[in-house]
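In case you want the letters, here they are:
2 protein chains.
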Amino acid sequence: MLTATRYPVVTADEAAAMINHGDTIGFSGFTPAGAAKEIPTAIARRAKVEHEAGREFKIGVITGASTGDSLDGELARANAVLFRTPYQSNKYLRSAINHGETRFFDMHLSMLPEATRYGSLGKISFAVIEASAVSEGGEITLSTSVGASNTFCNVADRIFVELNEYHSSELKGLHDIYEPKDPPHRREIPVYRCNDRIGSTTLKVDPKKIIGIVKTNRPDEVGGFKETDAITQKIGENVSSFLANEIERGRIPKSFLPIQSGVGNIANAVLGALGKNPSIPPFEMYSEVIQDSVIDLMRSGKLTFGSATSLTLTPAMLEAVYNDLPFFKERILLRPQEISNHPEVVRRLGIISINTAIEVDIWGNVNSTHVMGQNLMNGIGGSGDFTRNAYISIFTCPSTAKGGAISTIVPLVAHLDHSEHSVQVIVTDQGVADLRCKDPVERAREIVDKCSHPDYRDQLSAYFENAKNGHTPQTLGSAFAMHQAFMEKKDMRGVAW
Amino acid sequence: MLTATRYPVVTADEAAAMINHGDTIGFSGFTPAGAAKEIPTAIARRAKVEHEAGREFKIGVITGASTGDSLDGELARANAVLFRTPYQSNKYLRSAINHGETRFFDMHLSMLPEATRYGSLGKISFAVIEASAVSEGGEITLSTSVGASNTFCNVADRIFVELNEYHSSELKGLHDIYEPKDPPHRREIPVYRCNDRIGSTTLKVDPKKIIGIVKTNRPDEVGGFKETDAITQKIGENVSSFLANEIERGRIPKSFLPIQSGVGNIANAVLGALGKNPSIPPFEMYSEVIQDSVIDLMRSGKLTFGSATSLTLTPAMLEAVYNDLPFFKERILLRPQEISNHPEVVRRLGIISINTAIEVDIWGNVNSTHVMGQNLMNGIGGSGDFTRNAYISIFTCPSTAKGGAISTIVPLVAHLDHSEHSVQVIVTDQGVADLRCKDPVERAREIVDKCSHPDYRDQLSAYFENAKNGHTPQTLGSAFAMHQAFMEKKDMRGVAW
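First to last, the protein sequences are chains A and B. FYI, this note's numbering numbers position 310 of the first sequence as 844, with every residue one higher than the one before it. FYI, this note's numbering numbers position 479 of the second sequence as 1013, with every residue one higher than the one before it.
These are computed hints drawn from the structure, not numbers from a lab. Predicted, not measured: the structure shown is a model, and the values here were computed from it. Fair warning: there could be bad hints in the mix.
Which copy? The list can't say, so a pair holds if one copy fits it or any two copies do.
Claimed, not checked - Straight-line distance between alpha carbons at most 27 angstroms, and here's what the computed DSS-like set of lysine-lysine pairs gives:
no.	residue 1	residue 2
1	Lys1002	Lys657
2	Lys742	Lys715
3	Lys1023	Lys625
4	Lys657	Lys984
5	Lys625	Lys1002
6	Lys1023	Lys768
7	Lys1002	Lys936
8	Lys657	Lys788
9	Lys788	Lys715
10	Lys657	Lys582
11	Lys706	Lys738
12	Lys1024	Lys625
13	Lys657	Lys768
14	Lys1002	Lys1023
15	Lys1024	Lys984
16	Lys972	Lys715
17	Lys743	Lys657
18	Lys836	Lys768
19	Lys972	Lys657
20	Lys810	Lys760
21	Lys972	Lys788
Could you build the full structure based on these sequences and the hints that come with them?
Shown next as structure tokens:
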């Protein structure tokens, strides 16, 4: 490992001691991949001590997206979070947010870096960045994610580096660091193909800004996903058949287009199904996250390149990648989230976006963030960045949840993150609803007939088929009746209008 | 006027006779500016004759955005519209849509051209395009708008040109026609400044595709706007003060950034206020529409350049521009709507977007399209194209409507077009709510305190201040109670929760 000697080596607790109540910190991490681990845990320890002594101690926490338990979990349990943005997925932090104990505001992930530079997030006092190497000249080789680390290092005057020996010492070349200038001086983002390299292999900072290096040796806290089950497998097959048919009809080029795919079981199933479908040619990804299933597809040759901002792999899979690094360095680039999710590139490349919904309504609106319209699940993430500019935008979900007591197809989403104007295709285990060029009533029929569970079809049709109120025959008095039924008696079935 | 002689000159009725029931036609027009006038009116005449003879006769109508009464009005009154997309603003067509008699599906305006090329809109049988000149070689000089005319001419095999002598014969040079290639061959849209010219002055088509020229001499059907009143003037001043303060705080560059401004009275008032504010330097617009107030600002020197897709001027103002054309040709470019509204350019230039809302909710979501969630007003237009990628996104509305019986600030918008993730600033006559970096409850307080009418403040605060349900304390059972009160007793006041 290339470890420069000019920087002070400090303990995590020494670093945490330099941080003050009220400071805002930009932490590395996009998913648990490459997230800062030691210093946030030490800050949590310090917060507990301060709180026990009767002193206030909370910090503003900005990251790339979600992180690991050593960051969001530790800080949440220590009640040390003044505010948090953007996406998170930690159960302790989520609980604090939903109980009104922690301020959380959500942002499109591509916009976080520029908002940080433009100043609306206030002063960033420190950047805390995990790295696999640091040179004397201030060249940081990041680890398994880029996220917004480049921006945090640019705007902060003081940088702590967590130098994590767990990662391969050969990662240089995996990253492509490019940060656009701000208006009115911004130029094009010169990515024309998924594998275009446009920046530098390292994150270059003024070495005087690196005020401490914390040495560590810890894996990313990436959990495993559940195995694909019959429902998710069916969703995957439905997506794959739909896309194969679009190629057949000449509405997607025969050479196919880059795929963006969200994170989780459904995304795994979708990628698996694309991999198995002989009508889908070998393809590329331009996405946020590379997860285990992507690695399998790369080995098989079905996936020829993956551009993302994080390598979110289970420890065993990451080890396998590190053992075969030359193969994967030819096939993977990690970029800043501002670039992996940039609307300019998404629109230009013609990305097919595939994201997961919590619920979808009969008009084609999608709820990605709030259960029953109230409790935050994780956040909008990059789903808006990709959906809004996709060549074809797809949302997936199982047709029911909670053993059938919840229909994910509802008269009106209880929280709306993606509007009917931007959502083009809905896929459930039941089938595929193609909403393009359909008016609201046609969309409602398509979604109910193709995507809703048979237990709910009559009920959903009854909601709109006899309504005679306008272009969108919404009945405001009963639009949430199914949600209310669930909240009252834990079952959406049997609602009459 | 440069009029080629190689093309057959036909009457509008002869052209209409060549169109069949079920054909989809792409018409020029973005607002009434540059809209086809003679042929759609003739199609409406033909439809009436066919209907009287007991035969079906309806056509699919695709345009740039809204058009004039000769197009949308005539076709709607003749019941000749099979489907219509995108935006419209004609009262007869709106009524047919809201009574379920005409299919209308809405699209982001920047996406219409690529959707047309990608094939999801089906075959476009004819392009019907207003022009100010046509050369022997198939070079069409458009009139007062570009809209999607270039795309319609590219994809259709047969083109009718309405050669309108009303327009100046010197318009060549006003337009900048550029159509991107489709993925995977698309390159950057090379607009780096508002006045960058990237395409050709004329729309070049295969001359064999021009199957008929209809000669006419008719003005655009642009109506006047109401004069600015005290309410809209206050909104304009609030926007202007907010932006001046952002410059002062260093969050907008001192040289300012390009403005996108919607259409109508509030937009006029905003531009007027920006023009008068000495803290706002001379600026440029990168917008959809140039309306009368823009011309005044150009003459005064406060507006140095305007890029748009239409020149939507009242006849007197258009005449004045035509009389001083060299001055204005140096200061105006009309581009295809795919370019005027392109997310790549909007994000790159750092546009400040200012659009009008029908209603806004306390969480920062915006309804731009549906009154009471049911009846279509006009459509989303370009508001999503600009809002989603703006440097700062602003929505304006008066704090009340219908003499105070409607609060435009509500607990939950009855139709959601722009989500809390993309809406940054709300401005009413009451004040300015800056939503950036605020969590849902903070946003609710900011919007109610700064933007809602005093008659509604206590009522709105009571909705969320005592609710204890999650990150977004929405109460689904009463979220639309104010809308229901209006529908039942024509007044939103006095709702208790």
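Verification of the supplied hints:
1. Lys1002 to Lys657: neither (53 angstroms within a copy, 31 angstroms between copies)
2. Lys742 to Lys715: Answer is within; shortest intra-copy Cα gap is 23 angstroms, inter-copy 46 angstroms.
3. Lys1023 to Lys625: Cα proximity of Lys1023 and Lys625: one copy only (25 angstroms, versus 45 angstroms across).
4. Lys657 to Lys984: Between copies, since 25 angstroms is at most 27 angstroms while 50 angstroms is not.
5. Lys625 to Lys1002: between (44 angstroms within a copy, 19 angstroms between copies)
6. Lys1023 to Lys768: This pair counts as neither: shortest intra-copy Cα distance 30 angstroms, inter-copy 49 angstroms.
7. Lys1002 to Lys936: Intra 33 angstroms, inter 24 angstroms, cutoff 27 angstroms: inter-copy only.
8. Lys657 to Lys788: Classified as between: cross-chain Cα gap 20 angstroms, same-chain 48 angstroms, threshold 27 angstroms.
9. Lys788 to Lys715: Close across copies (16 angstroms), not inside one copy (36 angstroms); limit 27 angstroms.
10. Lys657 to Lys582: Only inside one copy: Lys657 and Lys582 sit 24 angstroms apart there, 66 angstroms across copies, limit 27 angstroms.
11. Lys706 to Lys738: within (13 angstroms within a copy, 49 angstroms between copies)
12. Lys1024 to Lys625: within (22 angstroms within a copy, 45 angstroms between copies)
13. Lys657 to Lys768: So Lys657 and Lys768 fail the 27 angstroms test inside a copy (48 angstroms) and across (32 angstroms) alike.
14. Lys1002 to Lys1023: Intra 30 angstroms, inter 20 angstroms, cutoff 27 angstroms: inter-copy only.
15. Lys1024 to Lys984: within (25 angstroms within a copy, 39 angstroms between copies)
16. Lys972 to Lys715: For Lys972 and Lys715, the Cα distance is within 27 angstroms only across copies (26 angstroms; inside one copy 40 angstroms).
17. Lys743 to Lys657: This pair counts as within: shortest intra-copy Cα distance 16 angstroms, inter-copy 60 angstroms.
18. Lys836 to Lys768: within (20 angstroms within a copy, 60 angstroms between copies)
19. Lys972 to Lys657: between (47 angstroms within a copy, 16 angstroms between copies)
20. Lys810 to Lys760: Within. Shortest intra-copy distance 20 angstroms satisfies the 27 angstroms Cα cut-off; inter-copy 61 angstroms does not.
21. Lys972 to Lys788: within (25 angstroms within a copy, 45 angstroms between copies)
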